[in-house]
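J.: Read off the chains here:
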Amino acid sequence: MTLPASSSTPAPSGLAARGLRLGYGDRVVVDGLSLDLSGAGTTAIIGPNGCGKSTLLRGLGRLLKPRGGQVVLDGADIARMPTKEVARRMAVLPQAPQAPEGLTVADLVARGRHPHQAWYRQWSPGDEAAVDAALARTGMLEHAASPLDELSGGQRQRVWISMALAQDTGLLLLDEPTTYLDLAHQVEVLELVTRLQRDDGRTVVMVLHDLNLAARYARRLVAMRDGAVVAQGAPAEVLTEELLDAVFGLPAKVIEDPVTGAPLVIPLGSYAVPADTAPADTDTDTETDSAVGAGADDDDAGASVDTGADEGAQRGR
Amino acid sequence: MRLLGGSAGSTAPKAAAGPAGARTLRTAHVSFRVRPRSVLVVLAGLVLLALFMALDIGRGDFPIGVGEVFRALLGAPENHFVVMELRLPRALTGALVGAALGLAGALTQAISRNALASPDTLGITAGASVTVVAAMVATGSAAGGAGGALASIGIPLAALAGGLVGGLAVYLLAWRNGLDGYRLILVGIGVTGVAANVKWWLFTLGDVNDAGRAMAWITGSLNARGWEHVRPLALALAVLVPLVLIGAFTLGALRLGDDPARALGLRVDRDRSLLILAAIALASIATAAAGPVEFVGLAAPQIALRLSGTARPPLVGSLVIGAVLTVGADLIARTAFGAVELPVGVVTAVLGAPFLLYLLVRSRRKAAL
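Chains as they are written, first to last, in the working numbering: chain A, 1 to 317; chain B, 318 to 686.
Bound conformation, chain A alone (with noise of 0.2 Å):
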């Protein structure tokens, strides 16, 4: 059995953002963001809410028509590129897909394969074995002829991600593929993305919500905010208190995760009093304090940890 047009595809993949501009109607959300996202391993692009996460990942994945600026696939501008040959590159799967009542397992990963497919050649051999074998990646073979919305939520995201798997490409972006799923299957799915990384040696950029998450499951972080790259480089380089409280306006303290040794996230909350009223333990106090001071002073903030992000960066290469 023969999979024609997975042999071309050159693993890893090359993505980059050049000077990218997005936006919906007369609302610019990115403006002039560069990136680069080239070699195999899992990137998580990170951020508040609305902060263009997502229509950066829109727009790196084509769903999205940029402004200016632009998306370089494998040294190619992927607007001049034919919209097939660039799905037989890049898979997306964007944020929470609805798919159309009454299909099946079956029939939704099969669609995977529209990018290789013409109209006089719907169902190849290599068609069949993809999407056989993309089933049997995700654990989904047994559920191939079931209709989806028999189907629980963490199921049915690992039917889209083999309908991804299925088109067969060196790289996969995923917008929040654990939206709407509870901690294990959120767990789950991660833990299977890891897999497509790691064994595949699949390129692989999400957008994830969960710090926690996303330090444990990603190699490098990209951090947004207001439209705008922030810091990016390892976990442990960018998940630092500083950045948490200029990003996200959030006071935390960040600890090593006892189990994996990424960084992890404890939001204060509540508990980050004010110094007068705060127990004895002097050291954390002031610490927390001036935190706090610079959560207030934003741009202040923001510059310093962009700095900082940079040689982070740096590092990382």
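What the hints contain is simulated information worked out from the structure, not anything from laboratory work.
No false leads were slipped in.
Below, computed lysine to aspartate or glutamate pairings styled on EDC-like, alpha-carbon distance capped at 20 Å:
1) A:K65 <-> B:D588
2) A:K65 <-> A:D26
3) A:K84 <-> B:D575
Label-pair restraints from in silico Cβ distances:
4) A:E191 <-> B:G564: 36 to 46 Å
5) B:R584 <-> A:E256: 41 to 51 Å
6) A:R27 <-> B:L674: 34 to 44 Å
Every residue, glycine too, gets a C-beta built ideally from N, C-alpha and C.
With chain A held as given, fit chain B onto it using these hints.
T.: For chain B alone, kept in the frame of chain A given last:
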């Protein structure tokens, strides 16, 4: 070959990857998937269509048995003139009109992901009605009763132009950063409402006789259809249907929604627009030939979908069922009240309205679940 890293790919049962029950037809470079049940629906539909057409042809002042109709169609000299020249064109027009409406309905429903979308709600029949009534009212008495060339060529052309303009108007008004199925239906209902009022206003302007003739046209009729009606219709369908079947290859991916479809390499706006424009063209041509035969475009895809057990309206199935429905309705129109012949559009409307209610009730229940 990263996908075949797992071993399960080769051990999986063959049928697992295909849609339920599908068979694969394959040569070196060509491959299709067909579902036996869908093929069965098409074949059964064609048999039923042949039977209905034969019965339809047999009806008239000079009744002919079904067996004799088939013999005459196969070249037997007796009844040749009555069957071939007088009655076959009517039955063929009905079948072709129904086929065009069924296919147009399947396209609009598949694209809008809504069972209530049909040529009737896209402003096509409304546009055609307005232009035809306008033409008849404006030229009727002056042109000596709109007889001769004006009636046989001018009216279909006016209907075609009106249908295309109405459909395009809805399409353009519904367009806002792309085409949204729900918006398409709402705009269609609005345009249809406006057109209906313009139509009634035109009626009040015209001469009573012209208004009567116009009234007969806008109910949709297959009366007095000859080969001159069949030929342009058949030619248009011979070009459009293959194009639609080829272009509809994108339909499966298109139905997943804008972003998933774009991710799969579709040019969503272009692909969707081409299919909608094809549906507008098909429905306009059908309306030009027989007037507005309502509800066929709505019901045929839904019936074909239920018979075939597919997730979306099957195109060829809807086409065949549309033809069966139209010829069947014409048969009822000509037999139900003895000597009094009803226009076919009255029958499709009477049968179609309860079906629309059924769809509405069903969709409400589903929403409540």
